[in-house]
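Working from the sequences, and respecting the hints, build out all of it.
Each chain, written out:
There are 2 protein chains.
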Amino acid sequence: MSITILTATELQSRIEAILAGAGMNAVQSAAVAGVIAAGERDACKAHGIYRIEGVLRTLKAGKVRGDAIPAIADAGTGAIIRVDGQNGFSVPAFELGLPLLAERAKALGLAAMVVNDCTHFSALWPEVEAVTDNGLAALVMCPSYATVAPWGGSKPLFGTNPFAFGWPRQQTEPYVFDFATSVAARGEIELHRRAGKPLPPGWAFDSEGEPTTSPEAALAGAMLPFGGHKGSALSTMIELLAGVMIGDLTSTGALEALGTTTLSPAHGELVIALSPERFSAGRPGDPFARAEMLFEAIEGQGARLPSQRRFAARRKAEADGIILSKAEMQQLDRLLELGLAAID
Amino acid sequence: MSITILTATELQSRIEAILAGAGMNAVQSAAVAGVIAAGERDACKAHGIYRIEGVLRTLKAGKVRGDAIPAIADAGTGAIIRVDGQNGFSVPAFELGLPLLAERAKALGLAAMVVNDCTHFSALWPEVEAVTDNGLAALVMCPSYATVAPWGGSKPLFGTNPFAFGWPRQQTEPYVFDFATSVAARGEIELHRRAGKPLPPGWAFDSEGEPTTSPEAALAGAMLPFGGHKGSALSTMIELLAGVMIGDLTSTGALEALGTTTLSPAHGELVIALSPERFSAGRPGDPFARAEMLFEAIEGQGARLPSQRRFAARRKAEADGIILSKAEMQQLDRLLELGLAAID
Chain A
1 MSITILTATE LQSRIEAILA GAGMNAVQSA AVAGVIAAGE RDACKAHGIY
51 RIEGVLRTLK AGKVRGDAIP AIADAGTGAI IRVDGQNGFS VPAFELGLPL
101 LAERAKALGL AAMVVNDCTH FSALWPEVEA VTDNGLAALV MCPSYATVAP
151 WGGSKPLFGT NPFAFGWPRQ QTEPYVFDFA TSVAARGEIE LHRRAGKPLP
201 PGWAFDSEGE PTTSPEAALA GAMLPFGGHK GSALSTMIEL LAGVMIGDLT
251 STGALEALGT TTLSPAHGEL VIALSPERFS AGRPGDPFAR AEMLFEAIEG
301 QGARLPSQRR FAARRKAEAD GIILSKAEMQ QLDRLLELGL AAID
Chain B
1 MSITILTATE LQSRIEAILA GAGMNAVQSA AVAGVIAAGE RDACKAHGIY
51 RIEGVLRTLK AGKVRGDAIP AIADAGTGAI IRVDGQNGFS VPAFELGLPL
101 LAERAKALGL AAMVVNDCTH FSALWPEVEA VTDNGLAALV MCPSYATVAP
151 WGGSKPLFGT NPFAFGWPRQ QTEPYVFDFA TSVAARGEIE LHRRAGKPLP
201 PGWAFDSEGE PTTSPEAALA GAMLPFGGHK GSALSTMIEL LAGVMIGDLT
251 STGALEALGT TTLSPAHGEL VIALSPERFS AGRPGDPFAR AEMLFEAIEG
301 QGARLPSQRR FAARRKAEAD GIILSKAEMQ QLDRLLELGL AAID
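So the protein lines, in turn, are chains A and B.
The first sequence begins at 1 in the numbering used here and counts up by one.
The second sequence begins at 1 in the numbering used here and counts up by one.
A hint or two may mislead.
Facing chain B, according to a computed beta carbon distance under 7 angstroms, are these residues of chain A, among others [to be verified]:
{"hint": "1", "residue": "Phe226"}
{"hint": "2", "residue": "Gly231"}
{"hint": "3", "residue": "Pro287"}
Sample of chain A residues lacking proximity to chain B, with all beta carbon distances greater than 12 angstroms (derived) [said to hold, decoys possible]:
{"hint": "4", "residue": "Thr7"}
{"hint": "5", "residue": "Gln171"}
{"hint": "6", "residue": "Thr213"}
{"hint": "7", "residue": "Leu258"}
{"hint": "8", "residue": "Glu337"}
{"hint": "9", "residue": "Leu338"}
{"hint": "10", "residue": "Ala342"}
Hints are computed from structural coordinates only; laboratory data are not their basis.
Bear in mind the structure is a predicted one, so any value in this text is a computation, not a measurement.
We put the CB at the ideal spot given by N, CA and C, even for glycine.
Structure representation (structure tokens):
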């Protein structure tokens with residue numbers, strides 16, 4: 001089997017060239033390529049090069065602007081930084097606002113970044129880690145498009161609404177989790193469909209609102225929230241804080257605006273950054289050292305911290321490079337050659 | 001059956017007299033009596049007059065100061081308000097800081113209140129509602145004492161770590177949820193024990209770390225987090241943000257300091273208040289009106305909003321009064337007469 005080994009930087013450059021070839025400007029293509037290369041590096045294949053086609057498809061459908069230049073809409077003087085995605089992708093808008101967010105969180109103790117009018121296609125952990133790189137804790141959330149029923153209902157209303165958190169660690173990768181508030185990610189339903197396997201009971205309703213274990217029926221119906229009424233409540237909170245409150249689309253609005261679940265949805269995002277130094281000021285104990293004791297206690301009883309598999313893959317990729325199969329390399333070459341014409 | 005009907009104010013006065021008789025000062029007894037009366041009013045019996053004995057027991061054990069006068073430790077100029085509970089109960093400390101928190105959140109867009117060195121015995125929803133009464137959204141969380149295992153482990157490390165959220169509604173009670181990040185509240189295990197009923201599978205481990213359905217074994221062992229690894233991650237986040245970050249006890253530290261789960265634990269609390277007006281400024285749509293559309297869509301498919309049973313009980317109590325049984329009234333009389341001597 002023929003494989004190719006690339007550094008993360010090399011892979012990012014190739015992806016960037018594909019995106020630029022499809023008409024994306026430098027700010028969009030660099031940021032988007034960065035998170036896709038990071039997904040591949042972390043062996044998080046669902047957020048790796050597999051995503052390039054989705055980006056191009058959304059671009060070709062005219063649902064996202066590849067030439068958008070995000071702008072600081074309101075740096076204010078308070079604890080809110082507002083970034084206007086200008087209908088481009090969320091990642092470059094987030095990157096634009098991050099230095100201001102970090103500065104403000106350190107000055108005030110906590111601060112929030114609102115990203116409006118942007119298209120989401122990526123996981124939230126790259127943004128969480130970008131905040132923790134500044135020595136800050138991070139809470140990040142956003143709606144998606146309506147595919148999940150509220151607990152007690154059976155019709156799509158919420159998105160898979162991810163909730164992500166990070167805590168900076170001084171000697172190692174941060175503590176990071178990033179999970180869907182649905183019982184499973186939508187991609188998992190799709191994987192069951194492709195494998196011809198039934199879903200576990202309790203995952204989904206069909207379009208008539210009846211419980212189903214058929215992946216096809218689930219994709220046409222609604223998923224359930226994780227953890228019953230509690231997950232449903234968290235998902236509602238995300239619609240309120242990261243949709244309604246920030247003056248951007250809810251998951252229902254995002255689906256209406258897009259008209260399909262086969263493209264990436266546009267909506268907003270909420271990032272809250274908190275300064276452990278400021279929050280612990282004047283109190284006994286160093287918060288970073290105390291957090292390590294908590295992590296040791298978790299791991300000491302055989303439990304794992306989230307994201308550890310991803311970080312292990314990252315270390316391996318940093319040492320040995322990112323391995324792509326011949327088919328994957330051919331696909332990258334094809335996308336570079338054909339650009340948007342590669343998309344049906 | 002002989003019953004007594006009291007207004008919430010009358011009930012609060014009776015509880016206040018009991019607490020004052022047991023040696024609590026006015027600021028402690030008024031605030032604590034207020035939340036206990038509110039629990040009874042909302043037919044939330046687990047947080048109603050049943051709690052008085054626990055308060056007195058913790059007081060008698062010398063684990064909380066009934067004479068504490070909470071103080072603003074640091075009003076700062078940023079987005080953090082720090083209140084020193086002075087080893088009293090959390091409620092009066094929260095009430096002291098609330099006006100400053102609301103003012104700061106409105107001025108900056110969001111702000112946080114840290115309450116340090118206080119004893120917790122109450123639900124978080126009274127505090128969530130006090131924030132939403134100011135037209136602000138609220139996130140409230142705190143550790144507890146270590147009774148819950150991390151996902152993948154089997155030994156107590158986390159508390160039941162409640163996570164609560166509120167959104168202000170202009171025409172009706174706020175949207176409020178307040179849930180334990182454990183699979184069940186500890187009181188539910190206790191209810192199964194008293195009823196001689198086994199626990200549902202997946203709730204608990206015994207002290208050897210083996211899965212158990214015995215309530216007794218569970219109380220000596222550990223509960224599981226709700227929602228598997230996701231609930232466990234949320235619980236970890238609460239230990240980090242509302243324990244480690246704010247320079248206060250984790251659930252393990254709280255249990256060590258207290259030495260028992262039969263008294264109320266001391267630790268800190270984190271309250272984040274967010275201004276929908278500020279977050280939505282300059283954006284299309286009124287966030288309060290849009291939130292109502294979301295709530296209608298949830299209820300329109302037969303799902304319920306959280307806290308509705310509590311609010312229905314509240315409306316009934318406000319119209320018809322709070323009904324106490326003869327045994328309950330006798331218990332109140334006994335506690336008033338005997339004070340701390342009523343406690344074993």
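Now the hints, each set against the structure:
1. The beta carbon of Phe226/A is positioned within 7 angstroms of a beta carbon in chain B (closest approach about 5 angstroms), and the interface hint is therefore held.
2. A least Cβ separation of about 6 angstroms between Gly231/A and chain B falls short of the 7 angstroms threshold, and the interface hint therefore holds.
3. A hinted interface residue such as Pro287/A counts as satisfied when its beta carbon comes closer than 7 angstroms to some beta carbon of chain B; here the least separation is about 5 angstroms, so the hint holds.
4. Under the 12 angstroms C-beta cut-off, the non-interface status given to Thr7/A relative to chain B holds; the minimum distance is some 31 angstroms.
5. Distance to chain B confirms Gln171/A as a non-interface residue, since its nearest Cβ pair spans about 16 angstroms, more than 12 angstroms.
6. Here Thr213/A stays apart from chain B, with its beta-carbon at least about 19 angstroms from theirs, past the 12 angstroms limit.
7. With a cut of 12 angstroms on Cβ distances, Leu258/A stays outside the contact zone with chain B, its closest approach being about 18 angstroms.
8. With a minimum CB-CB distance of about 41 angstroms to chain B, Glu337/A clears the 12 angstroms threshold, and the non-interface call stands.
9. Against chain B, the non-interface label of Leu338/A holds: every CB pair exceeds 12 angstroms, the least being about 38 angstroms.
10. Against the 12 angstroms criterion, Ala342/A stays outside the reach of chain B, whose nearest CB is about 36 angstroms from its own CB.
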